[in-house]
Each structure stands twice: as C-alpha cells, then as structure tokens.
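Starting from the given sequences, assemble the full structure and let the hints guide the process.
These protein sequences, in sequence, are chains A and B.
Take the first sequence: its position 60, counting from 1, is numbered 60 in our numbering, and each next residue is one higher.
Take the second sequence: its position 239, counting from 1, is numbered 239 in our numbering, and each next residue is one higher.
Do not take every clue at face value.
Because identical chains share one entry, a pair is satisfied inside a single copy or across any pair of copies.
With a cut-off of at most 20 Å between alpha-carbon atoms, the simulated EDC-like pairs for lysine to aspartate or glutamate come out as follows [to be verified]:
hint, residue 1, residue 2
1, 96, 225
2, 96, 48
3, 96, 57
4, 99, 57
5, 427, 225
Because the hints were derived from the structure by calculation, they are not lab data.
Keep in mind it's a predicted model, so treat the numbers as computed, not measured.
Protein chains: 2
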Amino acid sequence: MFMNRLSKTIISCLLFSTSSLAATTNDLREKALSSPLAYSVVESLTVEVGPRIAGSEGDKRAVVWAQDKLKELGFDKVYTQPVRVRNWSRGRAEAKVTKPFAQSLVITALGGSIATPKGGLQSSVVMFSSLQELQAASEEQVKGKIVFINRRMIRDRAGRGYGPVVAARAQGAIEASKLGAKAILIRSVGTDNSRFAHTGAMRYSDEVKKIPAGALSNADADTLERLVNTGQTVELAVEMQAKEQGWQTSYNVIGEITGSEKPDEVVLLGAHLDSWDEGTGAIDDGAGVGIVSAAASLVKSIMGTPKRTIRVVLYANEEFGLVGAREYVKANKESLEKIVVAAESDFGAGRIYRLETRFADRALPFVDSIVEQIEPLGVFKGSNTAGGGPDISMFPGLGIPVVSLLQDGTYYFDYHHTPNDTLDKIKPEDIAQNQAVYALFAYMMANNDVDPRPAPKS
Amino acid sequence: MFMNRLSKTIISCLLFSTSSLAATTNDLREKALSSPLAYSVVESLTVEVGPRIAGSEGDKRAVVWAQDKLKELGFDKVYTQPVRVRNWSRGRAEAKVTKPFAQSLVITALGGSIATPKGGLQSSVVMFSSLQELQAASEEQVKGKIVFINRRMIRDRAGRGYGPVVAARAQGAIEASKLGAKAILIRSVGTDNSRFAHTGAMRYSDEVKKIPAGALSNADADTLERLVNTGQTVELAVEMQAKEQGWQTSYNVIGEITGSEKPDEVVLLGAHLDSWDEGTGAIDDGAGVGIVSAAASLVKSIMGTPKRTIRVVLYANEEFGLVGAREYVKANKESLEKIVVAAESDFGAGRIYRLETRFADRALPFVDSIVEQIEPLGVFKGSNTAGGGPDISMFPGLGIPVVSLLQDGTYYFDYHHTPNDTLDKIKPEDIAQNQAVYALFAYMMANNDVDPRPAPKS
Numbered sequence: 001m002f003m004n005r006l007s008k009t010i011i012s013c014l015l016f017s018t019s020s021l022a023a024t025t026n027d028l029r030e031k032a033l034s035s036p037l038a039y040s041v042v043e044s045l046t047v048e049v050g051p052r053i054a055g056s057e058g059d060k061r062a063v064v065w066a067q068d069k070l071k072e073l074g075f076d077k078v079y080t081q082p083v084r085v086r087n088w089s090r091g092r093a094e095a096k097v098t099k100p101f102a103q104s105l106v107i108t109a110l111g112g113s114i115a116t117p118k119g120g121l122q123s124s125v126v127m128f129s130s131l132q133e134l135q136a137a138s139e140e141q142v143k144g145k146i147v148f149i150n151r152r153m154i155r156d157r158a159g160r161g162y163g164p165v166v167a168a169r170a171q172g173a174i175e176a177s178k179l180g181a182k183a184i185l186i187r188s189v190g191t192d193n194s195r196f197a198h199t200g201a202m203r204y205s206d207e208v209k210k211i212p213a214g215a216l217s218n219a220d221a222d223t224l225e226r227l228v229n230t231g232q233t234v235e236l237a238v239e240m241q242a243k244e245q246g247w248q249t250s251y252n253v254i255g256e257i258t259g260s261e262k263p264d265e266v267v268l269l270g271a272h273l274d275s276w277d278e279g280t281g282a283i284d285d286g287a288g289v290g291i292v293s294a295a296a297s298l299v300k301s302i303m304g305t306p307k308r309t310i311r312v313v314l315y316a317n318e319e320f321g322l323v324g325a326r327e328y329v330k331a332n333k334e335s336l337e338k339i340v341v342a343a344e345s346d347f348g349a350g351r352i353y354r355l356e357t358r359f360a361d362r363a364l365p366f367v368d369s370i371v372e373q374i375e376p377l378g379v380f381k382g383s384n385t386a387g388g389g390p391d392i393s394m395f396p397g398l399g400i401p402v403v404s405l406l407q408d409g410t411y412y413f414d415y416h417h418t419p420n421d422t423l424d425k426i427k428p429e430d431i432a433q434n435q436a437v438y439a440l441f442a443y444m445m446a447n448n449d450v451d452p453r454p455a456p457k458s
Numbered sequence: 001m002f003m004n005r006l007s008k009t010i011i012s013c014l015l016f017s018t019s020s021l022a023a024t025t026n027d028l029r030e031k032a033l034s035s036p037l038a039y040s041v042v043e044s045l046t047v048e049v050g051p052r053i054a055g056s057e058g059d060k061r062a063v064v065w066a067q068d069k070l071k072e073l074g075f076d077k078v079y080t081q082p083v084r085v086r087n088w089s090r091g092r093a094e095a096k097v098t099k100p101f102a103q104s105l106v107i108t109a110l111g112g113s114i115a116t117p118k119g120g121l122q123s124s125v126v127m128f129s130s131l132q133e134l135q136a137a138s139e140e141q142v143k144g145k146i147v148f149i150n151r152r153m154i155r156d157r158a159g160r161g162y163g164p165v166v167a168a169r170a171q172g173a174i175e176a177s178k179l180g181a182k183a184i185l186i187r188s189v190g191t192d193n194s195r196f197a198h199t200g201a202m203r204y205s206d207e208v209k210k211i212p213a214g215a216l217s218n219a220d221a222d223t224l225e226r227l228v229n230t231g232q233t234v235e236l237a238v239e240m241q242a243k244e245q246g247w248q249t250s251y252n253v254i255g256e257i258t259g260s261e262k263p264d265e266v267v268l269l270g271a272h273l274d275s276w277d278e279g280t281g282a283i284d285d286g287a288g289v290g291i292v293s294a295a296a297s298l299v300k301s302i303m304g305t306p307k308r309t310i311r312v313v314l315y316a317n318e319e320f321g322l323v324g325a326r327e328y329v330k331a332n333k334e335s336l337e338k339i340v341v342a343a344e345s346d347f348g349a350g351r352i353y354r355l356e357t358r359f360a361d362r363a364l365p366f367v368d369s370i371v372e373q374i375e376p377l378g379v380f381k382g383s384n385t386a387g388g389g390p391d392i393s394m395f396p397g398l399g400i401p402v403v404s405l406l407q408d409g410t411y412y413f414d415y416h417h418t419p420n421d422t423l424d425k426i427k428p429e430d431i432a433q434n435q436a437v438y439a440l441f442a443y444m445m446a447n448n449d450v451d452p453r454p455a456p457k458s
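As structure tokens, then:
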C-alpha cells in the first residue's frame with residue numbers, strides 16, 4: 001500500500017515535471033509544429049458535420065460537435081451561450097442568356113437575398129464597372145433592367161483586394177433598386193477563374209424595394225462581359241428560390257482552460273463555428289476552429305495548466321453580421337474588462353507572417369518577447385494598430401487589447417464562400433504552423449504578469 | 001481605262017508575291033505565333049454557342065456556327081455530312097450521406113447512364129481501390145450495395161494517368177452490376193482537387209442489368225473515403241434524372257482550301273465540334289476547332305493557296321464513341337486513300353512539345369524538314385509510331401499516315417469534362433503556339449511532293 005502510494009506520487013511528479021516544469025517554449029514550438037491536432041479537428045468538423053449555415057440542422061450538429069470536441073481536447077469548462085439567428089436558405093439559382101446567343105450562366109444567391117417571382121424574371125442587362133459607376137448612373141439607364149456589376153478582385157497576400165469589391169456585394173441591391181433595377185448580379189468576389197460563384201452577405205434598406213441579388217462565377221462573368229461588349233442587347237432570364245425560414249437559436253460554444261494563478265484573467269482565442277451552406281467550411285472557418293482549439297489544448301498538454309485562463313470562443317453566425325460576437329459582448333458586459341488580450345483566426349490556413357498588436361504602451365516591450373518565440377516560425381513584428389478580426393472587431397473600441405496574426409491569404413479568395421471550400425484546400429504543414437504560433441502566443445500571454453490593458457483607441 | 005487595268009494587275013501581282021512567293025516559313029511562323037485567330041475562334045464558339053452535347057439545341061447551333069466560321073476564314077469549300085447521334089440528357093444528380101453523419105456530396109451522371117428510380121435509391125457503400133479490386137470481389141460483398149471505386153488519377157504531362165483510371169468509368173457499371181450492385185459511383189477521372197465532378201462516357205452490356213453510374217468530385221470522394229475509413233457503415237441516398245431523348249441528326253462540318261496543283265491529295269486536320277453539356281467546351285475541344293481552323297486559314301492568307309488540299313474536319317459526337325469519325329470513314333470509303341496525312345487536335349491548348357509520325361519509310365527524311373520548321377517553337381522529333389488522336393484513330397489501321405503533335409496536358413485533366421471547361425483556361429500565347437505548329441506542319445505537307453503513304457501497321 002505504502003509503496004503503491006509512493007510510486008504514484010513519484011509518477012505524478014515525473015509527469016508534472018515533464019509537462020509543466022521541464023518543458024520549454026522550444027518544446028512547445030517543435031511539438032506544436034509537428035502535431036496533426038488542428039488538422040484533425042478540421043477534418044472531424046468537415047467530415048462529421050459539414051456545411052453549417054446559421055440556424056440549420058448542420059449548425060445544430062456543429063454546436064453539439066464543438067462541445068464534445070472541446071471536452072475531448074481537455075478544456076475543463078465547456079459551456080454555451082444562446083444566440084438568436086435568422087435561418088436563410090439559398091435554394092436553386094439559375095440564369096440564362098436568352099439574347100443574342102443562348103447560354104446558361106452559373107450564379108448563386110447572395111446571402112439574405114429574396115427570391116425572384118416564381119418562374120423567374122427576364123430583362124436586358126446593364127453593365128457597370130463598379131458600385132461607384134452604378135451610383136453615378138441615371139434612372140433611365142437602369143430602370144426595369146438587370147444590373148451587372150463587373151468589378152474584378154485583385155489577388156493579394158493580405159487580402160487587400162476584398163474591401164474595394166465587397167461593397168458591391170453588400171450594398172449593390174440597395175443602389176440598383178434606387179434606380180429601379182429588377183435584379184442585380186455581381187461578378188463574384190473571388191480571385192479564382194472557375195465556375196463556382198461566391199456567396200456572402202448582402203443588405204437591404206427599408207427605404208427602397210428589395211430586389212433579388214446574386215453573384216456570377218468569374219468564368220460566367222467573363223462570358224456575360226463578352227456578350228455585353230458585342231454591343232448587342234443582352235437579355236437574361238433569372239430564377240432564384242431563396243427563402244427566410246424564421247428565427248432559430250444557435251450558440252456560441254466556449255471552452256476554458258482555467259488558469260492556475262489568475263483564473264479570472266482571460267486570454268481569449270476566437271474563431272467562428274458557422275459556415276456558408278455550399279462548401280464544408282474548411283477554410284472559413286473550420287481552420288480557425290482547429291487552430292485555436294488545438295493551440296489551447298497543446299499549451300495545456302505540453303506546458304501544463306497556464307497561470308491565466310485561456311478561453312476559446314467559437315462564435316455563432318459570423319457570416320450574417322457577427323451576430324454571435326455582438327451577443328457575446330452584450331451578455332458578458334460585466335466581465336469584458338477581464339480579457340487581457342484577444343486574437344481571432346478567420347482567414348483560412350495560410351501561414352502566419354506577422355504579429356500586429358494593440359497594446360497599452362507599458363506592454364510593448366513584451367511584444368518583443370513574443371516575437372522572439374515566433375520568429376523561428378517565420379512571423380515578424382508589425383505595428384501596434386491591430387484590428388483583431390471580425391468577431392473581436394468591437395474589442396478595441398471597448399479598450400480590450402487585441403492582436404492580429406496575419407496570414408498568407410494569397411489563395412484564400414479562390415475558395416472563400418464557394419462549394420469549393422473543402423478540407424483538401426488546407427495544407428497540414430501550414431495549419432500546424434498556425435497552431436504553433438497561436439500556442440506560443442497564448443502560452444506567453446497566459447504565463448506572464450504583463451498587462452496590455454487598456455488597448456489604445458485608434 | 002488602260003492605266004486602271006494595268007495598275008490593277010500590278011497590285012494583283014504585288015499581293016500575290018507578298019502572299020505566296022515572297023513569304024517564307026519564317027514569316028508563317030512569326031505571324032501565326034502572334035495571331036489571335038485561334039483564340040478568337042474558340043472565344044466565338046464558347047460565347048456564341050456554348051455547351052453542345054451531341055443532338056442538343058447547342059449542337060445544332062454549333063453546326064451552323066462552324067459553317068459560317070469556316071467560310072469567314074476563307075475556306076473555299078464548306079460542306080456537311082450527316083451523322084445520327086443519340087441525344088442523352090444529364091438531368092440533376094444528387095447524393096447524400098445519410099449515415100453515420102449527414103453530408104451532401106457533389107456528383108454528376110456518367111454519360112449514357114440511366115436514371116435512378118424516381119425518388120432515388122438508398123443503400124450502404126462498398127469501397128474498392130480500383131476496377132480490378134471490384135472484379136475480384138464476391139457477390140456477397142457487393143449485392144444490393146452502392147459500389148464506390150476510389151482510384152486517384154496521377155498528374156502527368158502526357159496524360160498517361162488517364163488510361164489506368166478511365167476503365168472504371170467505362171466499364172464499372174457492368175462489373176458492379178454483375179455482382180448485384182444497385183448503383184456505382186467513381187472518384188472523378190480528373191487531377192484537380194475541387195468540387196466539380198468529371199463526366200465522360202460509360203457503357204452497358206446487354207448481358208447484365210443496367211444500373212445508374214455517376215462520378216463524385218475529388219473533394220467529395222475524399223469525404224466519402226474518410227467516412228468509409230471510420231469503419232462505420234456508410235449509407236447513401238442517390239438520385240439521378242438522366243434520360244435518353246431519342247436520335248437526332250448532327251453533322252461533321254468540313255472546310256477545304258482546295259489545292260492549286262494536286263487538289264485531290266489531302267492534308268486532313270481534325271478536331272471535334274461537340275462537347276459535354278456542363279462546360280462551354282473550351283479545352284475539349286473548342287481549342288482544337290480553333291487551332292486547326294485558324295492554322296489552315298493562316299496558311300492560305302500568309303502563304304497563298306497550297307498545292308495539295310488542306311481539309312479541316314470538325315467531327316460530330318466524339319464524346320459518345322467517335323460516332324462522327326466512324327461515319328466519316330464509312331461515307332468516304334472510296335476516297336480515304338487520297339488522304340496523304342492526318343492530324344487531330346483534341347487535348348486542350350497546352351503547348352506542343354513533340355512531333356510523332358506514322359509515315360512510310362521513304363518519307364522519314366522529310367520529317368526532319370518539318371521538325372526544322374517547328375523546333376524554334378519548342379517542338380522536337382519523336383517516334384514513328386503515332387496514333388493520331390481519337391477521331392483519326394482508325395486511320396493507321398487503314399494505312400493512312402498520321403501525326404501526333406503532343407501537347408502539354410499537365411493541367412488538362414483539372415478541367416476536362418467538368419463545368420469548369422471554359423475559355424479562361426486557355427492561355428492566348430499557348431494556343432497561338434499550337435496554331436503556328438499546325439500551320440507549319442500543314443504548309444510543309446501541302447506544298448511538297450513527299451508521300452508518306454501507306455502508314456506502317458503497328
């Protein structure tokens with residue numbers, strides 16, 4: 001008996017020393033870099049759940065999956081927070097050129113679009129090179145027609161091509177409707193040349209009539225552009241069956257590794273659990289879910305329990321307006337000040353190349369200590385003006401420090417918001433690099449007394 | 001009057017000398033290499049006609065388009081030859097995993113497949129790594145199930161990955177049905193990782209029951225493979241609405257530049273006019289149509305009328321069993337011996353890197369003269385065992401000399417037989433290289449007395 005108890009203690013000590021005393025950040029870096037954990041989490045999510053648009057059956061299965069997975073990964077507290085979400089369904093979307101030459105065109109509904117009248121609508125096309133050109137057009141040019149905004153997205157490592165183009169997706173239906181258009185089709189917000197159309201959220205205004213809004217694949221936008229450029233009148237028949245299916249309850253799913261010394265101080269790692277409905281949401285944002293969940297788990301299993309709490313928040317319904325993120329801020333109003341720092345992974349699984357921070361001056365020297373840990377992984381120091389990512393975009397305004405771990409997004413917009421967002425687009429070695437960077441960042445922030453609060457306002 | 005007539009004669013002479021006397025093969029090479037003609041032909045076909053599966057409305061429009069285009073390109077004789085074709089229609093094809101985890105899978109019907117019963121069919125999946133493994137299986141393993149053949153295609157410049165994999169597409173339904181399968185799904189015969197499924201012709205046998213046959217996109221085959229590899233029973237629901245729509249008349253469209261000295265000796269350049277129904281048939285085989293039509297046209301406009309006749313044959317219904325090609329041989333039985341040499345372009349628009357021939361010994365020295373002309377374009381000499389391409393594949397057996405101008409097909413099977421076979425996949429500079437090589441080859445063969453007939457039997 002005595003011997004037994006003693007040997008148990010010795011084993012315990014050995015385990016403890018291996019995991020939390022002897023392990024160094026070099027160990028964490030190397031082990032995280034060679035661990036398949038993040039990839040396996042994305043594999044599990046995409047194969048066992050698949051598409052999970054907010055409020056859908058897939059979304060509900062994802063919430064169950066996420067709780068099980070976080071428990072399996074060693075989070076000691078796993079809980080949910082209800083979020084009301086609209087459940088929009090895409091339905092079929094079809095477009096055909098009827099004049100001057102018959103052609104079928106691949107389109108998809110933009111997220112939140114209304115349907116066409118049953119049987120579809122027909123009209124001639126008026127093409128604009130940008131939202132701005134549409135805004136400058138006359139009612140005479142547009143009235144009764146189908147507006148086609150034909151602006152190409154530029155490929156860029158940092159994804160800087162997105163901003164200039166996405167305005168037409170979000171705002172195009174409002175502007176086209178103001179001038180009396182019947183419908184709007186935009187060239188896909190994407191950098192691929194393929195026949196996958198890129199969906200994404202769009203808005204209506206109460207001031208103007210709602211009109212159906214869709215996106216053409218880039219290859220089909222090429223065809224339509226060529227037809228319009230012949231100078232002949234081009235007519236289209238468009239049918240879309242999108243529909244609102246009422247409100248549902250979804251959930252932010254939260255997992256915590258409770259800190260051993262300062263459990264109420266929180267290092268928050270975010271990603272979003274929902275995806276669009278056509279792909280399996282591997283890069284958007286299965287990758288983020290895998291990266292932050294695996295990173296926190298590896299910190300615990302390799303380095304032992306951290307001093308501060310590491311909290312992973314898998315947000316509901318990012319795609320339809322950051323709804324889970326807003327709910328998180330509202331529901332946790334009283335405790336937001338306990339968040340020492342937050343980071344979000346929501347840009348696929350391309351390698352991280354830069355750390356940007358938004359820290360109080362006092363904590364800036366510590367940024368160099370973090371960078372020292374992640375430089376061997378190819379991550380260098382950036383500015384102190386980080387925005388932090390969509391779901392934590394309200395944090396800087398609330399004084400909560402954030403970091404942005406900038407990823408290589410050169411190919412992200414080839415697949416983003418298409419049926420082609422699937423697991424095969426993720427390179428295991430790239431997602432492992434992300435996992436290692438997040439693990440080192442979380443470890444450094446959770447095992448230090450440095451306090452970057454409050455974040456400087458911009 | 002006199003002066004007028006004289007000056008006209010002078011102008012005529014000048015034109016003649018520019019076009020046919022003074023121009024050298026260097027001129028032909030340079031002008032053909034910088035001409036956008038082939039590209040513009042494919043652009044016209046894909047934009048103004050689009051998909052053109054045999055017997056369809058698109059196929060009928062293509063036949064009209066081809067006659068107009070060949071006339072526009074300066075062919076002095078343009079005619080058609082009727083070909084009876086079956087008109088199969090794809091319809092929707094959908095598959096869903098129902099157990100152990102719900103997932104939608106992207107599939108497409110293989111060309112010629114029957115439909116599922118209305119409302120679809122459901123069963124468990126049995127996975128095989130190849131057609132051979134299926135053939136070696138027992139009835140017990142397969143009976144009542146959905147067979148999944150999961151063989152990956154290897155990427156290769158010469159397309160050598162196709163042969164080993166395509167057998168499952170052509171023959172899989174027969175082999176699966178022999179063992180009592182309900183349906184068969186194969187991993188797409190394609191080298192992409194995307195969610196486009198690759199169609200292509202399949203066969204039935206009168207000996208066994210017809211079962212529905214489809215292809216999964218490679219990304220979806222990955223998912224299904226992962227599910228099967230969990231060891232749990234995987235069940236699918238599959239619905240396909242393919243249908244036979246009876247027989248139609250299509251046409252081989254033929255254009256000739258009649259030879260000035262030996263009009264009955266023919267240099268034949270082939271390509272096929274039909275395409276599958278989901279893409280716009282840009283690489284398969286709009287590219288070939290553009291290359292051979294433009295090459296012949298450029299020979300005439302740059303070098304003047306050739307001594308032998310250059311005949312462009314745009315074959316009907318290659319995709320469903322070389323039907324137009326067989327009809328061509330049958331209908332022209334008496335005059336086949338007049339074909340001095342034939343070449344076909346049906347492998348996209350990748351650059352040509354090698355000339356293979358099947359010439360009688362006496363003509364072999366002339367191969368070096370051709371190679372001398374095309375080596376500056378990166379095309380080197382290959383063997384004398386050429387096959388010639390699908391639509392002229394019966395020629396060597398009939399003693400008709402053929403050449404194969406081998407193209408770089410590294411990326412061809414990323415798009416082949418998918419909705420993603422569109423104009424943007426063709427690089428203008430690559431198709432221009434093809435056009436220049438075909439023009440030089442046709443010019444050399446049509447302006448020489450060399451006679452490679454009869455082709456050696458293999």
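* Asked: Of the hints given before, which are not true for this structure?
  -> Per hint list: zero violations.
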